[in-house]
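Peer 1: Given the structure of chain A, go ahead and fit chain W onto it with the hints provided.
The listed protein sequences derive, respectively, from chains A and W. Going by my numbering, the first residue of the first sequence is number 49, and it counts up by one from there. Going by my numbering, the first residue of the second sequence is number 49, and it counts up by one from there.
DSS-like, lysine-lysine: derived pairs with alpha carbons at most 30 Å apart:
{"no.": "1", "chain 1": "W", "residue 1": "Lys237", "chain 2": "W", "residue 2": "Lys194"}
{"no.": "2", "chain 1": "A", "residue 1": "Lys516", "chain 2": "W", "residue 2": "Lys382"}
{"no.": "3", "chain 1": "W", "residue 1": "Lys645", "chain 2": "A", "residue 2": "Lys628"}
{"no.": "4", "chain 1": "W", "residue 1": "Lys528", "chain 2": "W", "residue 2": "Lys628"}
{"no.": "5", "chain 1": "A", "residue 1": "Lys516", "chain 2": "A", "residue 2": "Lys628"}
{"no.": "6", "chain 1": "W", "residue 1": "Lys536", "chain 2": "A", "residue 2": "Lys645"}
{"no.": "7", "chain 1": "W", "residue 1": "Lys285", "chain 2": "W", "residue 2": "Lys191"}
{"no.": "8", "chain 1": "W", "residue 1": "Lys128", "chain 2": "W", "residue 2": "Lys52"}
{"no.": "9", "chain 1": "W", "residue 1": "Lys60", "chain 2": "A", "residue 2": "Lys645"}
{"no.": "10", "chain 1": "W", "residue 1": "Lys319", "chain 2": "W", "residue 2": "Lys196"}
{"no.": "11", "chain 1": "W", "residue 1": "Lys382", "chain 2": "A", "residue 2": "Lys647"}
{"no.": "12", "chain 1": "A", "residue 1": "Lys645", "chain 2": "W", "residue 2": "Lys630"}
{"no.": "13", "chain 1": "A", "residue 1": "Lys227", "chain 2": "W", "residue 2": "Lys382"}
{"no.": "14", "chain 1": "A", "residue 1": "Lys194", "chain 2": "A", "residue 2": "Lys237"}
{"no.": "15", "chain 1": "A", "residue 1": "Lys375", "chain 2": "W", "residue 2": "Lys645"}
{"no.": "16", "chain 1": "A", "residue 1": "Lys536", "chain 2": "W", "residue 2": "Lys647"}
{"no.": "17", "chain 1": "A", "residue 1": "Lys524", "chain 2": "A", "residue 2": "Lys432"}
{"no.": "18", "chain 1": "A", "residue 1": "Lys536", "chain 2": "W", "residue 2": "Lys649"}
{"no.": "19", "chain 1": "A", "residue 1": "Lys647", "chain 2": "W", "residue 2": "Lys385"}
{"no.": "20", "chain 1": "W", "residue 1": "Lys630", "chain 2": "A", "residue 2": "Lys516"}
{"no.": "21", "chain 1": "A", "residue 1": "Lys194", "chain 2": "A", "residue 2": "Lys75"}
{"no.": "22", "chain 1": "A", "residue 1": "Lys106", "chain 2": "A", "residue 2": "Lys128"}
{"no.": "23", "chain 1": "W", "residue 1": "Lys628", "chain 2": "A", "residue 2": "Lys646"}
{"no.": "24", "chain 1": "W", "residue 1": "Lys596", "chain 2": "W", "residue 2": "Lys536"}
{"no.": "25", "chain 1": "A", "residue 1": "Lys387", "chain 2": "A", "residue 2": "Lys609"}
{"no.": "26", "chain 1": "A", "residue 1": "Lys649", "chain 2": "W", "residue 2": "Lys536"}
{"no.": "27", "chain 1": "W", "residue 1": "Lys523", "chain 2": "A", "residue 2": "Lys628"}
{"no.": "28", "chain 1": "A", "residue 1": "Lys551", "chain 2": "A", "residue 2": "Lys628"}
It is worth saying that the hints were derived from the structure and are not from the lab.
There are 2 protein chains.
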Amino acid sequence: MASKYIDLSTVKFFMNNVQELETVLEKERFVDHDLESVNLYVDSVKQFADRELFPYFKEMDENPAHYKDGSIHVHQQVEKMMKEGGSMGLIAAPFNYEDGGLQLPLLAHTAANYILDAANNHLPGYSGLTSGAAELIVEFASKDLKEKYTPKMLTGEWGGTMCLTEPQAGSSLSDIVTKATPTDDGQYKISGQKIFISGGDHQYADNIVHLLLARIEGAPAGTKGISLFVVPKMRLKEDGELLFNDVTTVADFQKMGQKGYCTTHLSFGDKDDCQGYLVGEENNGLNYMFLMMNGARIAVGRGASAIACGAYYASLEYANERPQGRKLSSDGTKNLKDKQSLIIEHPDVRRMLLLQKSMVEGSMNLIFKAAKYYDLQHNSADDKEKNKYHTLLEMIIPVVKTYPSEAGIYSINNGLQVLGGYGFCSDFILQQYYRDIRISSIYEGTTGIQSQDLLGRKMMLNNGEGAKLLLEEIKKTIEKADQDDELKEWASSLNNQLDQSQKILFHLMPFAIKGDYERFLADASIFMEFFSLIIVGWSWLEIGVATKHALSISNSTLDSKFYQGKLDALEYFYVYELPKTKGLAEILLHPSSVTIKKKDKVIN
Amino acid sequence: MASKYIDLSTVKFFMNNVQELETVLEKERFVDHDLESVNLYVDSVKQFADRELFPYFKEMDENPAHYKDGSIHVHQQVEKMMKEGGSMGLIAAPFNYEDGGLQLPLLAHTAANYILDAANNHLPGYSGLTSGAAELIVEFASKDLKEKYTPKMLTGEWGGTMCLTEPQAGSSLSDIVTKATPTDDGQYKISGQKIFISGGDHQYADNIVHLLLARIEGAPAGTKGISLFVVPKMRLKEDGELLFNDVTTVADFQKMGQKGYCTTHLSFGDKDDCQGYLVGEENNGLNYMFLMMNGARIAVGRGASAIACGAYYASLEYANERPQGRKLSSDGTKNLKDKQSLIIEHPDVRRMLLLQKSMVEGSMNLIFKAAKYYDLQHNSADDKEKNKYHTLLEMIIPVVKTYPSEAGIYSINNGLQVLGGYGFCSDFILQQYYRDIRISSIYEGTTGIQSQDLLGRKMMLNNGEGAKLLLEEIKKTIEKADQDDELKEWASSLNNQLDQSQKILFHLMPFAIKGDYERFLADASIFMEFFSLIIVGWSWLEIGVATKHALSISNSTLDSKFYQGKLDALEYFYVYELPKTKGLAEILLHPSSVTIKKKDKVIN
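So here's chain A without its partners, still in its complex pose (with noise of 0.2 Å):
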C-alpha cells in the first residue's frame, strides 16, 4: 500500500495562505483561537489519521460492515473514530462553547475532516452524521431534547443519524409516507421504513439518535407537510435509563465502495411502540433539514475530492518507482542500452497525474472556499455581510457537492491507469478508492439533483442578483491574476468563459420565461458541467495568486519546488480541462431536443 495519502503543506497553504483563515479567526467567536493553534490541531488530526484510520483502510473494505442477527457489526476503528476521534473533538468541534463544542471555524473543522477522509473514507461519516444530527437539535429542538441527546454524541458515545429516504420515494421527498401518529402526553408515535442510512446502527454505540422525517396524520400534501423528529434507538427514562424504542434494524445494503460505512434499513415501530420527539414547529422539517444541506454538501464534497487525493498519492508514488519503457530518441527509436525510464518520465504518465492533482487541489482549495463562506455567513457581526456570503455560499454548493464528485471519479480512473494492470488487481488500492469514490455522486443530492438546483434556483436566485455577486467576486481574482505576467494567460482565459456563461444563460433563460421548464432544464447536468470548470478554474487562479505572492516574499517557508507544483497544475487546469467548456457551450446552445419525452418517441 501507498505510504502517503496527503499532502499537509498543502491543505495548510489552502487554509492559511489561499483562504486566508486569519480574516475568519478574526470573528468575535474565535477569539480565543490563533493561526498557530488552529494548525497545531490540524496536524494533531494528521498523527490520529496516520496512526488510527489510514492503516486500516484496506482492511475495513476487506472486511464489510454486516448485518447478523438484528443488529450491524462494523470495524473496531469505528469505535476509535467515535470515542478517541470524540474526545479529540472531531465531532464537537464547531458547536458552541456551551453545547460543549471547540468553537472552530468549519474552514478547520473542514481541513481537518479532508485529512480523515483521505486517510480512510470509511470512518469519518460515522462522525460527522453525529455531528449532523446534534447540529439539528441544538440549532431547532427543545432545551430538553438537546440536554438528554447531545452530550454524548458530541463526545462519540452515541452515534447519530439522518433519516430521509424511503423505498417508494428515493429523492423524491414529496412521497413519504412514515407516519407520525399525536400521543396523549404530546409526544408522537412513529412508524415506518427507512432505508439507506448510513450510520444506521453498530455494536460500538449505546445509542444512535435518528433525525427522521415524517409525516404527521393529516398534514398537507407534499414537502410541506413532512415534519423533523428525534427517534432514538433507545429512549432515555427520567431517571436516565435507557428504554429499547422499538428501532429495528431490518437488513443493511451491501455495496460495491464504501463497505466499512455501513447503509442500513430500519423500521420504526415495528411494535407500535416508537417514540418520536417533534423538533420545532409541526410541518417545517424540510426546512429545518435543509439549514443544514450546506454543511452536509460541503462535507459529500470534502470527502469526494479527499478520495481522489488519497488515490493521487498512490499513482504518484507507484510512477516514481516502476520502471518501463524508454524516452524516445530523436530519430523516435528507443536505444535499448539505456536503463528502462521510471513511469513518471513519460509525458502521458505525467499527463494522468497532473489531471490528478489539478483536479483534487482545484477542488479541495474550492472545498475550504465554501467552508470559508459558511463561517463569514454565520458568524459576521454585519447582516449585510452575513447576506453576501450566505448568497456565495448558495450559488457555489452545488458545484462544491459535485465536481469533486464526478472529477473525483475521473481522476481516479486516470490514477488506476497509471499502474496498468497492477491498477485492477485487488493487491493494490487504486481499485478501491475507485470503487469507493462512486457513491458520492449519488448521496446527498444526485449530480441529476444538483444540477437543476444550479440551474433552475441557484441562478435564478434574488433574480440574478446571486449569480451577478458571484461574477464580481470571480473578477476580483480574474483582476489580481491579470496583473501577474505569467498568470494573466489564464486570467484572461477564465473572463471568456464568463462572457460565455452570460451568452449560455441568455440562451436558456427564455425557455423558463415562457414556462418550458422541462427544456430549460433538460440539460442541466451539462451546465453543471460547463459551470463547474469556470468555478474550479476560478479556485486555480486564486491558488496561482496566492502562490506568487509566497514566491514574491522573502520568507516563504516552502520550497521553489512545492510553487512551481501549483503553477504546473494551474496550467495543466487551464491548458488541458477549461477548454472543455468549448464543446459544452456548443452542447447548450443548439436547439436540439433529443432528450425531452415526445409523443411516438421511445428509447429502446
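Peer 2: Same frame as chain A, now just chain W:
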C-alpha cells in the same frame, strides 16, 4: 437482475444491413454460407447465451476464480462455454474446414461473440484465447505441432493462452527475459515467469497450450530477439499420452472485476523440464504475434462494447419500471396529485440512456465494420483490395480497441447513475458491469499505447496514404448522408471535424519532423479521444444512411420505433458527443508542453 442484455435486431441490422454481410459472403471462401444460414447461426448463439451464460453472470462475480493448492478453480460454466460452445463451433468458427473450422466470416463470428460478451463477459475469453492460440499454431507452426495440438483446442477440450507479460517488463516487450535454451533434439528448454495470463489454468481442461514469447540464448537485444514457442502444460508423447511439462501455476491475481475469468501467474521450467516448440523462425516471434493483434484488438473492443450493452439494457429496464418525481408544470412546480412519473420520462434520465445507446451502438457497428475489413483483407482475390482493407483496418484498429473501452466506462457510469443509490448496491447488476469493464482499457495494449500507435504510426502509415484512404471512405458516407434532408446537418458537422483533424495533424507533424517525438506524442491520448469521436461519428452516419434506406423501402421488417430509436441516438451523438472535439482540438493546438519532463520540474 435485468432480463435483457442485448437487442438481437440491432445486432442483425448492423451485421446484415449496415455492414452488408452479403458483400462478404460473396467471397469464394464463404460459398457454403448465405445470409439466412449465418443469421440462424447467430440465433443459436443467442439461445446458448440465454441458457448458459447470462443466468450465471452475477454468480461468477460472487464466486471468483481462485488459486488453491497449486491450481486454479473456476466456475462450472467454463466447462459449458468450452465444451458445449466448442461443439457449436464457437472456437473453430473462423478456421478453415481442413483445420476443423466452419469458414465463417469474422463479421459473423464477431456478432456471435458480441452476444456472448454481453450475456456474461467472464466466459468468452476462455474460448477466444484458445481460438487465438490455435490460430497462431495453424498459421505459423509446423504441420506436426498443428496436428498434435489444435484439434482438441478447437473442440474446447484443451485451452490456449498468450504468454507475453513478465513482472519486470509489463507493456515493454523489449525487456522480456524468459529464456529458451536449445537442446540436442532440436527443441528448447523454457525457463521464466509470466504474469497476467488470462485463462492460464483451470480444472476443466486436460491441457492448456501456451503460446509464449521468450528469448533464445544469444538473441539480439530488444524486440528483434524474441521468439514464439508452443509450450503446453502437458506435452504429448509419441504414443499420445500426456506428460507434465513443468508448467506450474504459482498464484492468481484477484481483481476488481471480471472475476470469473481467471488471471494467473505461471512459472515455466522450475524443474528444468519444460519443453518449448519454436513457431516459425527464430527471433521472429513478435511479428507472428502482431499478425494476430488486429483480431485480438477487435475482440477486446467487442467485449467492452458488449459489457456496456448489457449495462445499457439493465439501466433502461430500471428506468422503465421505477416511478419517481413528477413532470414540471408551466409555472415550474410539480402537481402532487399527479402520480409519480416513471424516471424514463425525465430528460436527464433520457439523456443518460441516450448517451449509453449512442456509445454502445456506435461502437458495436464500428466493431462489426472492423471485422468486415478483416474479412475483406483476408478473403479478397485481388491484391489491391486486400491492401485497401488491410490499410483501413490498420487505421481504425487503435480506435476499435480504445473507444469502446474508454467510452464504455463512461457509458456504464451513466447507467449506474440512472439507478441512483441502488446502482451502488451489490444486489443490483450495474456495479458489476462498472467493475468488469475497467480492465478493457488496460489489457491488449493500454489506451496510452493504442494512442501512440494511432498518432505515431497509423497517421504516418505509408507516408500518410493510410490516413488519406480512410478520409476518402469517410467522405463517401458523408456524401450519401448529405443527400438526405434529415442527415445532412450531421454530414456537414462530420465534414467540419475532418477539416479540424487535418489542421491538428499539420500542427503536430513538425514536431516529428524535427525529431521531437516526445512532444509530438505527448498528447496522443487527447488525439485518440478527438479522433475516436470522428470515427464513431462516421459509424453513426453510416447507421443513419442504412436506417433511412430501410425506412424508404416498403418491406422493411422492423417496426418504425426501431428505426426512430436509431435516428434519435444518432442525433444524440451529434448534438452531445461530437461537439466535444471542439475542446479537444483546442488542447491539441495549445503550445503548452506542461506534461513534458523538464529540468527542475517535479510532480508533487
